[in-house]
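Whenever a hint applies, use it, and build me the whole structure from the sequences.
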Amino acid sequence: MINSSLKELAALLAGKKISSLELTREFLARIGRFNPKINAYVTLDEEKTLTQAHAADARIGRGEAGPLTGIPIAQKDIFCAKGWTTTCGSKMLENFVAPYDAHIIEQFDRAGAVNLGKTNMDEFAMGSSNETSYFGQVKNPWDKSRVPGGSSGGSAAAVAARMCAAATGTDTGGSIRQPASLCGLSGLKPTYGVCSRYGMIAFASSLDQAGPMAKSSEDLALMMNVMAGFDPRDSTSLQRDKEDYTRSLNKPLTGLRIGLPKEYFADGLDAGVAKVVEDAIAEYRKLGAETVEVSLPNTRLSIPVYYVLAPAEASSNLARFDGVRYGYRAPEYTDLLDMYCKTRAQGFGEEVKRRIMIGTYVLSAGYYDAYYLKAQKIRRLIAQDFTEAFKQCDVIMGPAAPGTAFKVGEKTADPVSMYLEDLYTIAVNLAGLPGMSIPAGFSNGLPVGLQIIGNYFDEARMLGVGHQYQQATDWHTRMPEGM
Amino acid sequence: MSLDLSDVKRIAHLARIEIDDAGAETALHQLSGILGLIEEMQAVNTDGIAPMSHSQDVTQRLREDVVSETNQRELFQSIAPAVENGLYLVPKVIE
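Residue numbers (the numbering used here), protein chains in the order written: chain F, 891 to 1373; chain P, -13 to 81.
Hints in this document: simulated from the structure, not taken from any laboratory. A quick note: this is a predicted structure, and the numbers were derived from the prediction, not measured.
To spell it out: a stretch of chain P is covered by chain F in this simulated footprint if at least three of its residues, at any positions, have a beta carbon under 8 Å from a beta carbon of chain F; those stretches are:
| # | stretch |
| --- | --- |
| 1 | 2 to 13 |
| 2 | 62 to 72 |
Coverage of chain F stretches by chain P, computed from C-beta distances (three or more under 8 Å per stretch; other residues unrestricted):
| # | stretch |
| --- | --- |
| 3 | 1295 to 1306 |
| 4 | 1320 to 1334 |
Where is the CB? At the ideal position from N, CA and C, for every residue including glycine.
In structure tokens, the structure reads:
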């Protein structure tokens, strides 16, 4: 049952073969067993969770169930959920009980899904290894001496260890796709503006986007049907017609044109990862797709551009944490300024402070044009690279991360080496495009993800491209040993 | 662009983050590394390129100027560090 797809679980629930209460208890039992070793969840509230499961059973009994009614879902701790502690992985919000629901949480509630708990993450989503969390690092279920990736590392580990049926994540520079790759699951970052950011604690507002993390592409499609949608409370939410993200799952791949960016297979890519990705692409050719070499010449610049734009936006967004209205306040201070400075020095971790300082610097008087404006201009060049590439292909494929899961502590001393983890994912956020990672095999026993990048609003096609591969392969069904 | 210790302390002050000398030393080293990475941008010719902030180049939505929120002061203040009589308490700023 823990390996069942969302569709299979919905059928079991509809057929009264199992109740949501039983299913939820099964996952809670697994959390009780595995979470002490993995640290994927930071907050559990059995009473709230079981109340939702009970309500879902009643709804199923009334014949009013939707595809996710009664399904236990893990929520990244970046989403405000009314009455739930919502920490964003920070000491700053250790005792913050959200007074309202994020749009994403409302959508799952409306669908009748069960909130299993809040998952661990890099502090304020700043990190690629989950090591910046105030609540301790998450361990990769495939090898507990290694990181799960980040920032949605708790959600990734929870799905990989089957401590939930599916989970939510957010992706600002690769935070869904890189952990999905490192933990062997499927994850989708939608087109910017498709999922509302309302109630999702802001990091870099022009890049942040919520998305699903699950075992398979088909599961992602069902999650997207719940998560996507216009929300007037997010000023960047896009007003579009509702779409069915499952509509292209069964479309054959014949004639699909896959673009392979030469920059994604150059120096910096681990040989084992390259082999797995090339094998996956060979499988796609077998399934009827054609491949064409494309070029994304500004790929390398995406990292410097990102490390101007994201910290700049973060320094502005995180100015709200001042110890006045909510969150941590330093116990001792002399005056108001001292209260701000001590509160923020004590409440934020090192990586968050580093990024706030970078952002403050690039936005300070005299530097705006040289940094922020320059970065926004190169951002357009990066987006234009993709526009050109999509003239020759329907989807782009390549690695999601340059390597497999690395050892805990391996990259913490040098922030720049950690930033390079996101070499293949960041450009997608800068361009605002949808991107996903699906399990494509293993290198030295560790999972490797294949990244699929689509054109704007082409999620349904991408999910179909993922699903067809998952019909022909079984990488997405593999589970870590001992789980 | 290279930073020195006084720059780091000025940035920390602007960011309202207390920093001691040892912290500033570490930050100097790490921020310099990151700025070195960022410098790669300066080699790119961006003449005539319009800055991009949203991929769809959408314009700000407008709405009717009507009340959309209800008063939830008590709920919101229940999670504040210090409140009194419906007000947020901070150290005295006016003598």
